[in-house]
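Colleague: The residues making up each chain are set out below.
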Amino acid sequence: MGKIKKLNSTARMREIMLGYYFQGRQTEINGWVTSGAPVEFLYAMDIYPVYPENHGALIGASKLGTHFSSFAEEKGFSQDLCSYARCDIGSVFAGTSPVGGLPKPDFLFACNNICNTVVKWYEVLSRIFKVPLFILDIPFVRKELKESYVDYVENQLYDFIDFLEKIKGESFDESRFRKVLKLSVEGVESYRDVLHMGRNRPSPLTCFDAFLNMAPIVCLRGTQQPLEFYRSMKEELDERVKRGIAAVDDEKHRLLWDNIPVWYRLRWFSEFFAERRTCMVADTYTNAWTGLIKTGTGDLLGAVAETYIGIYLNIGLEEMAETINKLIDLYDVDGVVIHSNRSCKPYSFGQYEIQKMLSVPSIVVEADMTDQRAFSEAQIEQRLDAFLEILD
Amino acid sequence: MEKVGYFCTFTPKELIRAAGFLPVRVLARNDSVSLANTHIQSYCCSQVRGSLERMLNGELRFQGVVFTRSCDSLMRLADIWDRNSEMKVFSMEFPTKIDHRAKEFLIEEFYSLKETLENWSGREIDEKNLSESIRIYSELENLLKKLFEIEPDYHLILNAETETPEEVIRLLRLRFEEIRSKKERKKDDTIKKALVTGSVCPIPEVMELIRDTGFRIIDDLCTGSRFFTTFTKKKIPDTMDELMDFLAEKYLKKAPCPTKNYPEDGRFKYLIEKAEDVDAVIFLLLKFCEPHFFDYPQLKEKFEEMGKKTLLIELEFPISTEQLRTRLEAFYEMLEE
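If you're matching them up, the sequences are chains A and B in order. Counting in our numbering, the first sequence runs from -17 upward without gaps. Counting in our numbering, the second sequence runs from 174 upward without gaps.
Among the hints, a few may not be true.
Below, computed lysine-lysine pairings styled on DSSO-like, alpha-carbon distance capped at 27 Å [claimed, not checked]:
(1) Lys427(B) x Lys128(A)
(2) Lys482(B) x Lys112(A)
(3) Lys186(B) x Lys125(A)
(4) Lys128(A) x Lys276(B)
(5) Lys423(B) x Lys128(A)
(6) Lys319(B) x Lys408(B)
(7) Lys475(B) x Lys86(A)
(8) Lys112(A) x Lys442(B)
(9) Lys426(B) x Lys128(A)
(10) Lys125(A) x Lys276(B)
(11) Lys276(A) x Lys164(A)
(12) Lys460(B) x Lys473(B)
(13) Lys57(A) x Lys442(B)
(14) Lys186(B) x Lys128(A)
(15) Lys475(B) x Lys57(A)
(16) Lys86(A) x Lys442(B)
(17) Lys481(B) x Lys57(A)
(18) Lys261(B) x Lys125(A)
(19) Lys261(B) x Lys301(B)
(20) Lys426(B) x Lys112(A)
(21) Lys366(B) x Lys57(A)
(22) Lys447(B) x Lys427(B)
(23) Lys261(B) x Lys128(A)
(24) Lys112(A) x Lys475(B)
(25) Lys338(A) x Lys261(B)
(26) Lys112(A) x Lys447(B)
(27) Lys355(B) x Lys318(B)
(28) Lys125(A) x Lys176(B)
(29) Lys482(B) x Lys86(A)
(30) Lys57(A) x Lys473(B)
(31) Lys276(B) x Lys148(A)
(32) Lys482(B) x Lys57(A)
(33) Lys473(B) x Lys112(A)
(34) Lys460(B) x Lys319(B)
(35) Lys112(A) x Lys481(B)
(36) Lys447(B) x Lys57(A)
(37) Lys57(A) x Lys460(B)
Hints are computed from structural coordinates only; laboratory data are not their basis. Values in this document were obtained by computation on a predicted structure and should not be read as measured data.
Isolated chain B (complex conformation):
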């Protein structure tokens, strides 16, 4: 199956799949960059620089790439990508302001994306393949949600972002069988719950380090629960217009991202609620990520008012795990005191 890459979780991968492509999320590796240095400055985040590096070194074989409006760095990356690769590039707008005007505008954008994808593949997106695509992704998302409630798995979520949903659903089912066959797990009082909130972190080792330190992770990452969390419960409809409406609603009601503006400070409210019964909050932010770093000081203040201790980890790839381990252990010990 031909692949189409995308960056932002607000990209309707259902449309990409309905056009006959495998949607694959473009993520950086835990490496330093060299080729990308002559195309983008060093004060750009590792996700953007690392993804560009992977394209430049020929690692990515995609028919095309979809850029969805989110942050300034990705907005400019689209042109840099377009000028330096043979891939087709499409930029889709996503409203920054999530209000009553957003849906109509977003549906228009979805229709443009649909038309573009049909041109790329030569296959029509119809009611049948689109509703099937919506169905399979919602099955995948529900399973991931269930798994993350028990225990986040950052290898499986990477699979979910880059492989066919059928395959990942199979893996998820196996995992649930494993979990069921295990004996009732003992409650461990020394385990502390930490809300881990932040941007892209496609490196499972980092998450394992947090867990090994003794934390149970409540996830709010772009490469974690924000990939699959949405707050719609409607039935999948029949006509194309209804399907597009359904999709627009699904993406507008996704778990909040700091690149969007929500009424009533929606993201803060969402996170405050999520943090209610955790012992600590870990901010896992990519260095130079403006949307997250603007929210950080005031969010931190809110959490501290709730009596939570917080830790800020700034990520730049490649990551030194030793240093990270030391900081996490020190933080854990501080919580014990």
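One chain only, chain A, in its complex shape:
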């Protein structure tokens, strides 16, 4: 029986996130933001960012995805819509959630570099809460990044600063912003160092540990907290390596996960692979948060614009496959498990093409990140077992 070895850091992470959610009730002004949005602007103005996507993941991990979705579905939101959105909108109608619901927003900030879904989702929220919505419109880069794209986004960043200044009634402080960006970069670096621990053979962590512990880099990026947290998490992993403790005993196979996790089955997947001496050492989802903002040069907002345009989901399939192949080399994996996620079209459509471009074997399993109804245990188990057999 494969035992899951819990990291002490995960308990620390829970404390940090509890503090984060608690803080949300006390702040004067908050904005709901999407996971791929440049949150640094908010932290630079002491505006508390609320993450409905993280909230969705939390609801999913609590196995309440279907429950909270149903509140949205009763109001006419289709079961085919993104389940993060359904959970979030559903918890608004329900007036609660595992963390007691999110604080009512003062404004909404959606950046479509991760999907066009967030634009629609935030439009829905803006009609419910009757608060201003700022859309940061990011051109999709299927082939090459054009200068006009960077200009377009940079101009909108100036508009966004005006927008925030009006909301907050204070002017934007560039030196403060630079400090936040520096913290953001350092936080991302320390997070990346943690993920890179998966390169060890055997690996001291699984991607399920990475999923569980990703909330600070998403929600608190630009503050001191991720920096300290991921440094201590790295120490714990270093210690494991030193003492020869592997995340999965007798690590035989090393795999890479593609797409958002199946939040309500993290434990199930962990145990499934551990039992089969297989370590899921890394994934494309958490690695998407390791892009660094190049802050060195003069045109600061241009650099910010370029970073947020270039994120993983906003590029073409060939570049995505190239990125995965780099991860395959970096983590030295034997195969890829591809989660075809009913909730996330831009992440999932094209996976069959990506498969053909990968340097190692891969398998597609169909599920949903938060909605348990889309999970067929027997089918997935059978597919994964057949796949592992090929790798043997």
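Following the hints, complete the assembly by docking chain B onto the known chain A.
Modeller: Using the frame of chain A, we list chain B on its own:
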């Protein structure tokens, strides 16, 4: 004439034609798919899956295809298409956020498309052929608008999307003569007006079913009035820069689509106004179409506040017309009560 395919009505077909191609809208058929299954998942809409199927089975003979930024599914389809066909593929961005920044950005994109099309055809797009192209399409659009005010015709609109504008203009003129020669039509009190709003529905039979049930259709479909409705009335200018500016304005002022974000909730306002004197609203949505399905619950609520009854029809091809007929009849009867 060589053809260039396009998907989204926000694609400036005027440029495609000016480069010497016939712009042809790629639309799914009322069939199930088989080949497409190994390239895209089943939780994708029928328009995307069905169009891909047509490409894979060799039905489409295009020099190239233009993908215009609209929804996530089409965004990914561009790469899938590119990897599985010999056709040239170009992706054009269209701003999602329709505000004061949109036009400058869009004009840049139009210039890139222009350059690409010129490379494809080896023919220069100049002021002369572009203004002629703009002129003929605006003539076509005006005629379609006039016809839809009298009575929508979903065969003619399909022609307009896939054939030369000259030919469709000829057909439209014939139709107007027919209409004129008919006697004054009697007002039928049993006819109910329904706003039919939704995504792509390239199947005229569906629309005929709605009409046969007893509805007069006020159209807001992507394959209906949104194909030709724009709110500019400017004169066609002379220089290339002015022509591009003219085109950008034309497409930014098109009838609103849920893949775009409009100031002041522009799409809702537009539809609420359109629904003012209808008896009912029929949502005709492709299953899995996120942009439409996110708008649906709150739009429905607005219509209900206006006292309108609504019906949601989810489309997945092939369509069972019998089932659809039953639902439409039940809805019509409910309105009678």
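Colleague: Determine for every hint whether it applies to the structure shown.
Modeller: Hint check:
{"no.": "1", "hint": "Lys427(B) x Lys128(A)", "in the structure": "holds, 26 Å"}
{"no.": "2", "hint": "Lys482(B) x Lys112(A)", "in the structure": "holds, 25 Å"}
{"no.": "3", "hint": "Lys186(B) x Lys125(A)", "in the structure": "holds, 22 Å"}
{"no.": "4", "hint": "Lys128(A) x Lys276(B)", "in the structure": "holds, 16 Å"}
{"no.": "5", "hint": "Lys423(B) x Lys128(A)", "in the structure": "holds, 24 Å"}
{"no.": "6", "hint": "Lys319(B) x Lys408(B)", "in the structure": "holds, 19 Å"}
{"no.": "7", "hint": "Lys475(B) x Lys86(A)", "in the structure": "holds, 23 Å"}
{"no.": "8", "hint": "Lys112(A) x Lys442(B)", "in the structure": "holds, 15 Å"}
{"no.": "9", "hint": "Lys426(B) x Lys128(A)", "in the structure": "holds, 25 Å"}
{"no.": "10", "hint": "Lys125(A) x Lys276(B)", "in the structure": "holds, 22 Å"}
{"no.": "11", "hint": "Lys276(A) x Lys164(A)", "in the structure": "holds, 10 Å"}
{"no.": "12", "hint": "Lys460(B) x Lys473(B)", "in the structure": "holds, 17 Å"}
{"no.": "13", "hint": "Lys57(A) x Lys442(B)", "in the structure": "holds, 21 Å"}
{"no.": "14", "hint": "Lys186(B) x Lys128(A)", "in the structure": "holds, 23 Å"}
{"no.": "15", "hint": "Lys475(B) x Lys57(A)", "in the structure": "holds, 13 Å"}
{"no.": "16", "hint": "Lys86(A) x Lys442(B)", "in the structure": "holds, 25 Å"}
{"no.": "17", "hint": "Lys481(B) x Lys57(A)", "in the structure": "holds, 17 Å"}
{"no.": "18", "hint": "Lys261(B) x Lys125(A)", "in the structure": "holds, 13 Å"}
{"no.": "19", "hint": "Lys261(B) x Lys301(B)", "in the structure": "holds, 26 Å"}
{"no.": "20", "hint": "Lys426(B) x Lys112(A)", "in the structure": "holds, 25 Å"}
{"no.": "21", "hint": "Lys366(B) x Lys57(A)", "in the structure": "holds, 26 Å"}
{"no.": "22", "hint": "Lys447(B) x Lys427(B)", "in the structure": "holds, 15 Å"}
{"no.": "23", "hint": "Lys261(B) x Lys128(A)", "in the structure": "holds, 20 Å"}
{"no.": "24", "hint": "Lys112(A) x Lys475(B)", "in the structure": "holds, 15 Å"}
{"no.": "25", "hint": "Lys338(A) x Lys261(B)", "in the structure": "holds, 21 Å"}
{"no.": "26", "hint": "Lys112(A) x Lys447(B)", "in the structure": "holds, 23 Å"}
{"no.": "27", "hint": "Lys355(B) x Lys318(B)", "in the structure": "holds, 20 Å"}
{"no.": "28", "hint": "Lys125(A) x Lys176(B)", "in the structure": "holds, 23 Å"}
{"no.": "29", "hint": "Lys482(B) x Lys86(A)", "in the structure": "violated, 32 Å"}
{"no.": "30", "hint": "Lys57(A) x Lys473(B)", "in the structure": "holds, 10 Å"}
{"no.": "31", "hint": "Lys276(B) x Lys148(A)", "in the structure": "holds, 25 Å"}
{"no.": "32", "hint": "Lys482(B) x Lys57(A)", "in the structure": "holds, 16 Å"}
{"no.": "33", "hint": "Lys473(B) x Lys112(A)", "in the structure": "holds, 18 Å"}
{"no.": "34", "hint": "Lys460(B) x Lys319(B)", "in the structure": "violated, 31 Å"}
{"no.": "35", "hint": "Lys112(A) x Lys481(B)", "in the structure": "holds, 24 Å"}
{"no.": "36", "hint": "Lys447(B) x Lys57(A)", "in the structure": "holds, 24 Å"}
{"no.": "37", "hint": "Lys57(A) x Lys460(B)", "in the structure": "holds, 17 Å"}
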